[in-house]
Amino acid sequence: MAFSLFVSQKTFKGQLPREETILLIRRHWFVLTLPIFFIFLLALLPFLIYFFIKNFNWYPLFSSLFWFLTMIYFLILWLLFIYNLMIYLLTAMIVTNKRIIRIEQKGFFNYESATVKLERIQDLSLNIKGFFPTFLNFGDLEIQTAGALVKFTFRDLPNPQKIKETIMRLMEKTNFPG
Amino acid sequence: MKFVLIFLFVVLTVYLWFVFLTIYHLVRFGVGKEPKSASLYVFLGSMILLILTVIYFSQVNWKEILKFIGF
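Line by line, the protein sequences give chains A and B.
Using the working numbering, you'd call the opening residue of the first sequence number 2 and step up by one each time.
Using the working numbering, you'd call the opening residue of the second sequence number 36 and step up by one each time.
Chain B on its own, in the form it takes in the complex (with noise of 0.2 Å):
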């Protein structure tokens, strides 16, 4: 169980890092009203995908999987 919430650790903290680099530089070097429009509608976007992926995480049943793969 402490793997799996590393593993969802690690994937979160590089998603989110992807996301802000993005929204970064729509924001940062972006020229005219569409990069800044963009990255509202990026940040809304990961943030609704996010949420769902650690509301997906929390309904696995993650004992009886391993104890299926026996672990």
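With the rest of the complex left out, here is chain A (with noise of 0.2 Å):
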């Protein structure tokens, strides 16, 4: 669809007749919080400073500057903050009925997409190591399929063995239909 606004939260570009999505996985929410905690530290520079200068003799002459410097400073710590967010929310793993998709967001121009079908995975195995995603529950899921040299691997998903468990039973209905 051209304007993709108004459109169900479960359609997306490329569709096939008939398919259906049965899940819409973003990378667990854990992997924005190193980001945003440097971009949140950064924020905090401009009161560090504040509470040097503001003692001088110079500074009601420039505090006016200092905080139309402070604002620009934050515009941009503003952009990577979004970009950031952008990376996030446009990188996803796509389950139909029908096959596969992951994709991944990298940069503004740079896009990757990947679809394996259904019928044509042999053998998937989670992978969960770590402090964090052991606590947290997430990790990544690797999907090896037939005659393929090179595995499909999701990073970062929350509650992969729930994951697996829905691609499973979603091979055995394509598989074994009826």
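Just so you know, not all the hints are guaranteed correct.
As the list claims (entries may be wrong) - 27 Å max Cα-Cα, derived DSSO-like pairs, lysine-lysine: (1) A:K55 / B:K102; (2) A:K163 / B:K68; (3) A:K99 / B:K68; (4) A:K99 / A:K55.
No wet-lab data here; the hints were simulated from the structure.
No experiment lies behind these values; they were computed from the predicted model shown.
Dock the two chains into a complex; use the hints.
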């Protein structure tokens, strides 16, 4: 659809006839915390500088300039934040009744999409490694297809065990219909 | 003063272009309702920051500052 604001949340560009979206999954929210934390720390920097310069003689004359330059600095931090948010929101895994699609936005003009048909899937494996992934229950899902040397890997998926079970149920329906 | 205005114009143009690209990508390529909602928040947040920047710019006493540094 040309104007995708009004379409159902379960449809996507390139959807096939009679193809239903079963799952739309983005990476776990934890992947955003590190960039946001650094941006937050950087946002505190002007206030730290203000703490040091407020008692200088020249500060009253330059205070408005200081806060104006701080706003320019915040504009840059805002751009960093929305860029990271955009990358997070545009990177997703779509599981339909026919295939699995990996959409990866790597930059403004850098986009990758990979598709694997359900009937081509040979093996599904989970990989949860580390303190935070274990406690927050997110990890990688690897899909091995028939005849392919390369595995499809979906990184940092929330609740990957449930996603694996859903895909296996869909595979059973595809390979053994009725 | 002219250079200051040119500086502000360039900064805001680059900023608005970046914001436009972000919102365009979210609306055009986003799947599901979250990217669309996020694009609204990005737009509102960007406009608020833009207005605040212009307000702070208008409060700067450029004549006094330029006189102090010798221009």
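Mind checking the alpha carbons of A:K99 and A:K55 for me, to see if they're no more than 27 Å apart? 64 Å, violated
CA of A:K55 to CA of B:K102, is that 27 Å or under? Holds, at about 21 Å.
Given the hinted pair A:K99 and B:K68, is their alpha-carbon gap at most 27 Å? 22 Å, holds
Do the alpha carbons of A:K163 and B:K68 lie within 27 Å of each other, as the hint requires? Given that 27 Å is the threshold and the Cα spacing comes to 22 Å, the pair holds.
Checked against the numbered hints given earlier, this structure breaks only hint 4.
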